[in-house]
Amino acid sequence: MKKITIALAGNANVGKSVIFNHLTGLHQHIGNWPGKTVERAEGTLFHGDYTIDIIDLPGIYSLSTFSIEELISREYIAKEKPDVVINVIDATNLERNLYFTLQLLELGRPMVVALNQMDLVEKKGICVNRKKLENFLGVPVLPVIATQGKGIHDLVHKAIDLANKGQRIKKINYGKEVEEEIKKLTKSLKKNELNYPKRFLAIKLLEGDEEIEKLIKKVDPKIIKITEKYAKKLETTHGHDRFTVIASERYKVANEIVKDCVTIGICKFKYSDKLHEITTHGILGYLIMILSIISLFYIIFTFGNFFSEILVEYGMGLKLVYEQYFGTGIASNLAWGIIEGGVAGVTIILPYIFPFYFILGILEDSGYLSRIAFLMDRFMHKIGLHGKAFIPLMLGYGCNVPACLGCRIMETYREKLIAVFVSTLIPCAAVTIIILSLVGKYVGFGWVFLLYVINLVIVFILGRIAFRIFPGEPTGLIMEMHSYRMPHLKTVVKQAWFRIREFIYIALPLIIVSSLVIKVLEVTTLSDVMEKLMRPITIDWLGLPSFSGTALIFGVARKELSLVILAARGGTTNFSTILSPIQMIVFSLVTMLYIPCIATIAALVKETGWKKAIFITVFEIIFAIFVGGIAFRLLTW
Amino acid sequence: MPEKSMKLIDLKEGQKGIISSIAGGRRVTQRLTDMGLTPGTEVKMVRKGRLCPVEISVRGSNLALGYGVARKILVKVKE
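Protein sequence lines, in the order shown, are assigned to chains R and Y. Just so you know, we're using the working numbering here: the first sequence kicks off at 21 and counts up by one. Just so you know, we're using the working numbering here: the second sequence kicks off at 1181 and counts up by one.
Simulated from the structure, these hints should not be mistaken for lab results. Warning: the hint list may mix true and false statements.
[Claimed, not checked] With a Cα cut of at most 30 Å, we get these calculated DSS-like pairs of lysine-lysine: (1) R:K272 x Y:K1258; (2) Y:K1228 x R:K272; (3) R:K253 x Y:K1228; (4) R:K22 x R:K190.
[Said to hold, decoys possible] Label-pair ranges, simulated between beta-carbon atoms: (5) Y:G1205 x R:L456: 40 to 50 Å; (6) Y:K1192 x R:V477: 33 to 43 Å; (7) R:G629 x Y:K1187: 37 to 47 Å; (8) R:I602 x Y:K1192: 48 to 58 Å; (9) Y:K1187 x R:K402: 16 to 26 Å; (10) R:G259 x Y:K1187: 13 to 23 Å; (11) R:G285 x Y:E1183: 27 to 37 Å.
[Said to hold, decoys possible] Far from chain Y, some chain R residues (derived; all Cβ distances over 12 Å): (12) E213; (13) E248; (14) Q344; (15) F465; (16) F490; (17) E522; (18) G590; (19) A622; (20) W630; (21) L655.
Just so we're clear, the structure is a prediction, and the values are computed from it rather than from any experiment. For each residue, glycine too, the CB sits at the ideal point set by N, CA and C.
Looking at chain R on its own, in the form it has when it is part of the complex (with noise of 0.2 Å):
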């Protein structure tokens, strides 16, 4: 057996996790980066006498300093060392592309290029000459349509070769002056033993890197002050900042190639721009968004109660079953306080969450989350986001702990922030079920719908109250515009099944033993004693039975919860006889802002720290307990 290690690197939306899914399929999992809060997809492919061990790096456009992703990929290329590195790159985008192709060569690691999408290249009229784009890198290129999986087996054998026999890569020429000044520093660097290479170092010093700097620094302080006197000349020869001056060689070399290796036919794909044109369309593009986001809702809550309810009947079967072998004592009953947990996790998982994320997951793939993205940034803005954050909230109307954890794609950790905080006060899968059984069954879909957009009205202003308290630029929109393109099916539904995975590591257990902890205090009584002292707000303030202040805390440990409280302290599953609509209205406020569940506070916790989550979750408190005071004091004017 031979252990080898691929890492596959490309920009964002290339095909890049659909080949690696096809390499690796069910052999993966999915980490993070050690002391980093980015996804690490990792996979083992057995191929003939080979381990394979696979590393997808997050899809980024450039090698700089950018994001944290960018960091963590040309380290470890650097450090680590894979044996093979293969490079997929979306052949109907070559330019782009090439301009990241380009930094990973100067990484120096041997390397393959997967020319995907040679479908839609077709399609679209394109032709590109693979050999003549071999010559220019110096790399094999092998053309690949991996939602097809095509192609895909030569390219596990070309890596293969390459990492027996190895690979000189071949150095690209960025012009006349700017070679000159690396060709000094690469001489001045010489006798410094660094991971990287040291074209790389040289290159990355003269755009002035902060990183290589720092790390240049602590072992050779003279360099950064030759490399200012460099780059200081490139700058004035060239007019522009350093930075700029070695991306736009880049660039120019990977235009050269272009010219050299497309040329563009007549298109015969024209539907996909004309839905762009439309879905991004001033006027009706907002119709449309609008129309799919409600329509999404429909299906997926009319689907979801209809499973649910299913569901839930096997649930009461399972709970008679169980009474019957185990009796209904003490011990018993809090046993099934456990089991009732885990019941009640599946119960919403599968008629709700899943499929709301995997519609959402078709959106994506096919490339309309991105349009919504780009519809929604003025309003984002707003708020102190860019429209990509659109789709952590999207995401928060199924459960708020993917939300939280889908904040990460913000660029700054002020905007991560604000984002985190708004994405909590979206109503979750669980919210929306109390509200439809309350709101929705007796006092109508128009309130519903009020609630909805009175909280939509407060996401708003809170958020722009946070953008207040963190003030700063927003990072502006700077999105690519992909075609339109058919999802790809077993992409999405994994795709799904990882944010799914988020809410079962993190929040089943926590349902489980808060369910358990609930038992204990409908056992003990201590919920009565609890329900007295909260009297004060329960009534006084909120004009709710006393009976809901139970349902209200127990809902902290899975929202729906509430509900079946609610029933149980109320003696009925008729809910018109113990509640006033008014009562309904402002029950389905307080806990739509109320809290976010105890999964979501871990969520939280993770995401921003012990301290913000606390602050998060007691301002919401008060804050819901202050907007339902007033909700029904107008309610009853």
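We have chain R already, so just place chain Y on it with the hints.
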């Protein structure tokens, strides 16, 4: 032909310009140049809505840019 200098945001739909410089901080400049908006590159304004950001075509593909970003990019236009 005389050239006029203006902000990218002021291009009309369908109008082309050549990037002359980016008047932004290091982060934005770095990001934009990494995405291919280097000086001397031709850009075309594809779409400019009232509510949404702008969409430009550069180096054979399309990019969405927020208003704030599009304001920082200076272009030269042939009159």
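Comparing the hints with the structure gives:
no. : hint                         : in the structure
1   : R:K272 x Y:K1258             : holds (23 Å)
2   : Y:K1228 x R:K272             : holds (28 Å)
3   : R:K253 x Y:K1228             : violated (39 Å)
4   : R:K22 x R:K190               : holds (27 Å)
5   : Y:G1205 x R:L456: 40 to 50 Å : holds (47 Å)
6   : Y:K1192 x R:V477: 33 to 43 Å : holds (36 Å)
7   : R:G629 x Y:K1187: 37 to 47 Å : holds (40 Å)
8   : R:I602 x Y:K1192: 48 to 58 Å : holds (54 Å)
9   : Y:K1187 x R:K402: 16 to 26 Å : holds (22 Å)
10  : R:G259 x Y:K1187: 13 to 23 Å : holds (19 Å)
11  : R:G285 x Y:E1183: 27 to 37 Å : holds (33 Å)
12  : E213                         : holds (29 Å)
13  : E248                         : holds (16 Å)
14  : Q344                         : holds (61 Å)
15  : F465                         : holds (28 Å)
16  : F490                         : holds (17 Å)
17  : E522                         : holds (28 Å)
18  : G590                         : holds (46 Å)
19  : A622                         : holds (32 Å)
20  : W630                         : holds (29 Å)
21  : L655                         : holds (34 Å)
The structure fails to meet hint 3 from the earlier list, while all remaining hints are met.
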